[in-house]
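Number of protein chains: 4
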Amino acid sequence: NIVLVLAKKNGISSLEQFAIDICNHFMTTFCQVAYVKTYIQEVPWQRLHEDGVPHIHSFICVPDGIRFCEAEQCRNGPLIVFAGIKDLKLMKTTQSGFEGFYKNEHTTLPERHDRILCGELFCKWSYGECKDFDFDCIWKKIRECILEAFAGPPDCGEYSPSYQKTINCIQMLVLSRVSQVQVIEVVLNNTFFNVVDMKNLGLTNDKEVLVPVEAPYGSCACTLGRKKFFEAQGH
Amino acid sequence: NIVLVLAKKNGISSLEQFAIDICNHFMTTFCQVAYVKTYIQEVPWQRLHEDGVPHIHSFICVPDGIRFCEAEQCRNGPLIVFAGIKDLKLMKTTQSGFEGFYKNEHTTLPERHDRILCGELFCKWSYGECKDFDFDCIWKKIRECILEAFAGPPDCGEYSPSYQKTINCIQMLVLSRVSQVQVIEVVLNNTFFNVVDMKNLGLTNDKEVLVPVEAPYGSCACTLGRKKFFEAQGH
Amino acid sequence: NIVLVLAKKNGISSLEQFAIDICNHFMTTFCQVAYVKTYIQEVPWQRLHEDGVPHIHSFICVPDGIRFCEAEQCRNGPLIVFAGIKDLKLMKTTQSGFEGFYKNEHTTLPERHDRILCGELFCKWSYGECKDFDFDCIWKKIRECILEAFAGPPDCGEYSPSYQKTINCIQMLVLSRVSQVQVIEVVLNNTFFNVVDMKNLGLTNDKEVLVPVEAPYGSCACTLGRKKFFEAQGH
Amino acid sequence: NIVLVLAKKNGISSLEQFAIDICNHFMTTFCQVAYVKTYIQEVPWQRLHEDGVPHIHSFICVPDGIRFCEAEQCRNGPLIVFAGIKDLKLMKTTQSGFEGFYKNEHTTLPERHDRILCGELFCKWSYGECKDFDFDCIWKKIRECILEAFAGPPDCGEYSPSYQKTINCIQMLVLSRVSQVQVIEVVLNNTFFNVVDMKNLGLTNDKEVLVPVEAPYGSCACTLGRKKFFEAQGH
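Residue numbers (our numbering), protein chains in the order written: chain A, 1 to 235; chain B, 1 to 235; chain C, 1 to 235; chain D, 1 to 235.
Treat the hints as calculated values from the structure; they're not laboratory data.
What you are looking at is a predicted structure, and each value in this text was computed from that prediction instead of being measured.
Do not take every clue at face value.
Just a few of them, taken from the derived set where beta-carbon distance is under 7 Å, the chain A residues facing chain B [to be verified]:
hint, residue
1, Val196
2, Gly202
3, Leu203
Here are the computed lysine-lysine pairs in the DSS-like style, where the Cα-Cα straight-line distance is at most 27 Å [as the list claims (entries may be wrong)]:
hint, chain 1, residue 1, chain 2, residue 2
4, C, Lys199, C, Lys86
5, B, Lys103, C, Lys9
6, A, Lys37, D, Lys140
Backbone N, C-alpha and C fix where the C-beta goes; we use that ideal spot for every residue, glycine too.
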C-alpha cells in the first residue's frame, strides 16, 4: 500500500527518485527501522511509431537491456543510489580473440585470434552524493558508453583480445565520461561458438557454420571504482 | 549434421527457404520418409547503430517479437509453408474496453469502456503454393499490419471494444493486404490491470495507479482463412 | 466463472472427470459451440510425512512428472479424453548405447555401447469410449509402466540400444498392460554427456568425469496405437 | 579444467568438501589471488525404486528443494562454508493466519485467522570453524527441522499467526538442534489465495474454491545467528 500511495502522491519522476522516496518514507516514519533497501525494475515498454510518428496510446515491449535501480540507507548513514542495466545481449561476430592469458599444466585452451564474442551483460554502478541528478539522462549516456566500448567505431570496429579486457574498457569509458559514477560493476557471460569441423563430411568450413555451446560458459565479474572512493572505504 | 551441411551448401537466403530445403532433402533422399516437418526460429540479433551508422560487426539482441517458420510435407502431398511471429508484447493504455459480450447467470464481469489492453501476441499464417515469394519482405509487411491494426492511427488511435475484436481486425487487415496469406491464426493473452481502490487510504485514483493481475488471464485464439481455402478442405 | 462454479458444484473427483464436466457444460449450454477442448494440469503437491505419518494440513511440492489431461469434443462427435505426464526427468547411468543406426555420407556419429541416457519425457495417451474408468488408478499404473520400461529390473537393469528403442518399449508395455489406452505418444529429449578427454592434462578418465552438452540435444517423438484404432481412422 | 581435474583427483565426498577443495586449490596455487568464492548446486537425482528395491543404474529427478553450498575465503582470513536449500515449495492448507501486525493509516489488510500459507523457501546457513563435519548428514537434519517447524506435529499441526513467525520458528529450531550452524538466513515468498466471492453467482463458498494471486506476493527475509557470532563481528 505504501508504495502505491507514494506513487499516487509523488508520481514517478525517475526510477531512482522513486526508490529514494520509498527509502525516505520508511526511514522518517518508523524509528525502529535500521536499514532500508529498495529495488525497482522497469518493464521496457517503448512507444510505437508508425513512419516515425509516435503513437498516442500504443506501446511495444522491447527488452534490449532492462533498467533497474537500488537505493539503500542505514540509519545515520548516507543514502546510496545504484542504477544499472541487465539482460543486455551483445555480440561481435569478429575482431575478438582470447590471447595472452596465464597458462599452466591445467591449460588446454588454445589462443584464439578470431572468435565470436557473444554474451549477456549486467552492469551496476553507484552514484556519489545524490544532488539534483538527471537520472534518466545519465542512464542513457552510460548505456551508450557500454555499446561504444563493446563495439568500437562503427566503420572499423575494435579488436578485443579477451572479454575481460572488453569489460575493463567499458568501465574505463563510463568512469571517464560520467563524473557522477563512483564505482561500476560489470558481469559478462560469454557463450562460446564452435566452428563445426566438416572434414569428415568432405567439406571445408571457413567460419561459415558455427554452433553455440551453451554450457559450460565463461563468466567474468569485475568492479572498478575511483581512487578516492576506495580510500574512503579504507582499502 | 544434415542441417549443418545444408546450411553450408545452400546458405540461408531466408528462414522459410531453409525450412523448405530441409524438407526437400529428407523427402528426396529417403523413400521411407512419409512426413517431414521443419521448425526454425530466429534469434533476434539486430545490427548496432551509432548515430545512425550501422556497425560493421556488432549486434544487439532485441526480442520484440520472434520470427519463426515451419515447412511440412506428406509424401504425395503439397509442401506447406507457415511463418509467424511470437512473444510480441503490446499495450494500449486507453481506447480499449470490453463490452457487448454474452451474459448469463454466470456472468459477473461488468462492461468496461476504458481499460488497459496488454498482451502477448502469437501469430502464424500459411502461404498457398509457394512460388518465388520474398519471404523476408512479406514477413515485415505482416508485422506492420499487426501493429497498425492493434494500435490504429498514431494521432488518434482506435477504440477496441474487446481484444477478440482486435484479433479479428489484425486478421482482416493481413488477409486484405497480403495476398499470399491463405489462413492466419492469432492468439492473444490479455493481462488485466486493476485500478487500485484507494478510498480506504483517503485518496482518489483516477486510473493513475494500476496493478497487473498476472493470473488468471484471458486468452483468445482465432483462425481465419480465405473462403476458397476452406472450400478446398471440404468445410 | 464457469470453471469455478463447476468446481464448487461438482467437486473434482479426478482431473479427467473435471475436464469432461467442463466440456459437457459448454456443449449442452451453448448450441452455437462447435468444438470444446479442455486442458487441466496438476500442481504436484504431496502430503508431508513425518516418520511415515501423513501430516494433517501440510504439503510439499514434488515436481517429478506433472500430470495433465485433455478432453475434446466436436458437436456430433465422441468425447475424447487424453491423459499424460510431462517434465519427467530420467537417467540411466549405464546400460545404454546408440547402435545399429542408418549411416550415410552425412553420418559422423560413432556407435556407442556405454553412454549415459538422460532426458525429459513427455507422454500422452488417449482413452477409448470413457465408461467408469478409475482415472487416478490408471494414471499411476501407466507411470509405473514408464519407469519399469525405462529402467528394467532393479537388480540388473536392461540394456537400451537407443533411446528410440526405449520409447518403443515404454509404449509396448503400456499398451499390453493397460487395456483402456488406445494410442500413446512419447517424446523423449536426450541430453548428451561428454566423457572429458583428460589426456592433455596427463590424466586418464574412465567415464568418471562427464560434462552435459545442453545444446543441440536429440529428441524423438513417436505415436503408437492399437490396430483397430488406426483402422477406424482409415489408415 | 581445474574443476574437472579436482573432481577426478579428489572425488566429491560432499558438495561442501568439493567447494573447500576448489577454494584451497586457488589460494595455495596462485599467490596473486586475494579472494575465492565457490558455489555448487546439486541436480536432485534420486535413485529409482521398484517395490522398495533400489535400482542399480536408474534415476529420477525430484526437485523438491535444491541443495547448494558456498565456500569463500579471503587471503589471511578464515575459510567460511555456507550450505543451503532453495526452491523448496511448501503449503499449509489451514492453521495459518496473519494477525497482530502493525497498523497505521496505510493499512487496509484485514486480520486473517484461517488462510492458506503457500510459499517458496530459501534457506542458507554458515558453519563455524569447519572440522570434520558430516555435511550430508547435517544437511538432511536441517531439512527435517525446516519441515517440522513449518508443519508442526503431523496429527494436529501448529497454528502460524504469520509467515514471519514461521520463519523465526524454523531458524530457532535449526539453531537449537544443529550446533554447527552459526547464522541462518531464511527467505519465504508467500503466494496469497483468494476465497472466490460467489454471492453474485448465487452460491456460498466456505473456503472450497480458492484462486492463487501470483503478483504481488509477500516476501520476508530474516537472518538469525548465535550471540557469540555477532559479538565477534563487532555488532
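A quick look at each hint next to the structure:
1. The interface hint given for Val196/A is met, as the beta carbon of that residue sits about 5 Å from the closest beta carbon of chain B, less than 7 Å.
2. A cut of 7 Å between beta carbons decides the hint on Gly202/A: the least distance to chain B is about 9 Å, and the hint is violated.
3. With 7 Å as the threshold, the beta carbon of Leu203/A comes within range of chain B, its nearest partner Cβ sitting at about 6 Å, so the hint holds.
4. Restraint check for Lys199/C and Lys86/C: the C-alpha separation of about 40 Å exceeds 27 Å, so the hint is violated.
5. Taken as a hint, the Lys103/B and Lys9/C pair is honoured in the structure, with Cα atoms around 20 Å apart against an allowance of 27 Å.
6. Only pairs whose Cα atoms come within 27 Å are accepted, and Lys37/A paired with Lys140/D is rejected, the gap being roughly 33 Å.
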